[in-house]
Amino acid sequence: MIDAGLVNAVYDDWPNFGHDVPRKLRFTQPGPGGPERGDRFGFALTSTGGSAAAVAVGSPGEDINAARVVADIGSISWLWGSTDFQSEGGGGLWSPGIWHTQNTLGGGSSSEAGDHFGGALTSSGLH
Amino acid sequence: MRRLAIVFGVVLVTGVCPAPVAVSESSPAPLLQDQPLQGDFNGDGVADWAIGAPGEDVRTVRDAGAVNVLYQVFPGVASQVFTQNSRSVQSVAEPGDRFGGAVAVGNFNGDGFGDLVVGVPFESVGAAERAGAVNVLYGSPQGVPGYGNQYLHQDRFGVGSSAESDDQFGAALATGDFNGDGTFSM
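Here the protein sequences line up with chains A and B, keeping their order. Be aware that the first sequence starts at 0, since it is given in numbering that gives the first Met the number 0, and climbs by one per residue. Be aware that the second sequence starts at 0, since it is given in numbering that gives the first Met the number 0, and climbs by one per residue.
With the rest of the complex left out, here is chain A:
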């Protein structure tokens, strides 16, 4: 699938995890519509930093607006960090399946063709 995008997680202790459960190292876009051609998931990234940091991932080429296809409205997704290595997914980054377009945010702007929402990202970081 051309230009759907992928995010790789590289840990400084990889490949010697030191934990029983291997962590997920590759992430594709959870939504909307999953990975599609031209989404460009991973075009922009930002992290909160700190322990168990969260990461936001921009997909400025996202075309799925509810049930319709509208070119390049853009979307963002989140990956959460976890220090719980006993959990199902192991520690490290995991995908909670949370994503947004400007339509789902309800913040006073809507998704239109060519918006490229998610083309640039930054995070405040954690306390």
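It is worth saying that the hints were derived from the structure and are not from the lab. Each statement offered as a hint is correct.
What follows is a list of derived Cβ distance ranges for each label pair:
1) A:D2 x B:F177: 33 to 43 Å
2) A:M0 x B:R58: 33 to 43 Å
3) B:E128 x A:D83: 48 to 58 Å
So the derived list for chain B, only partly shown, Cβ under 7 Å to chain A, looks like this:
4) I50
5) A52
6) P53
7) V80
8) A103
9) V104
10) G113
If you're wondering where the values come from, they're calculated on a predicted model, not measured in any experiment. Ideal Cβ positions, reconstructed from N, Cα and C, are used throughout, including at glycine.
Since the structure of chain A is already known, use the hints to place chain B on it.
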């Protein structure tokens, strides 16, 4: 007094549109380690996010650009949208400005609220088209539409260059405490 030391990257290209660039804040400098984190726009202790939509049309103004600020992702969403036509943002939305082509966070005035820098790489400055500019939105208990928002370009005092066509000032941004005074620079 705000001290803004400016380190800017001028992107010169011929015929190729530079891609919007993701920017993350650098690690806190030693002076900042005992302080609240740099970038919480409204000081509520929950991580905030700023997301550029540089191709956003502002009413009929094509590709003027917008930035969404999220104060909470889950549960529920609390967000605001800013364009150059927002009351708290200086300058005016013009076609192709691409406000939000880059975003970065810092705490420039040391008030404990995170401040948002938004690149406007295709902003015209005087007669210089696509010279680029930067909007600075200061954080407050109400989020980033705080007081004293700033508008910088290469013809402004303190920015050590002049605005020329296609400079695209603001196409890439980074923040940090470059001079060790305990407040952030960009």
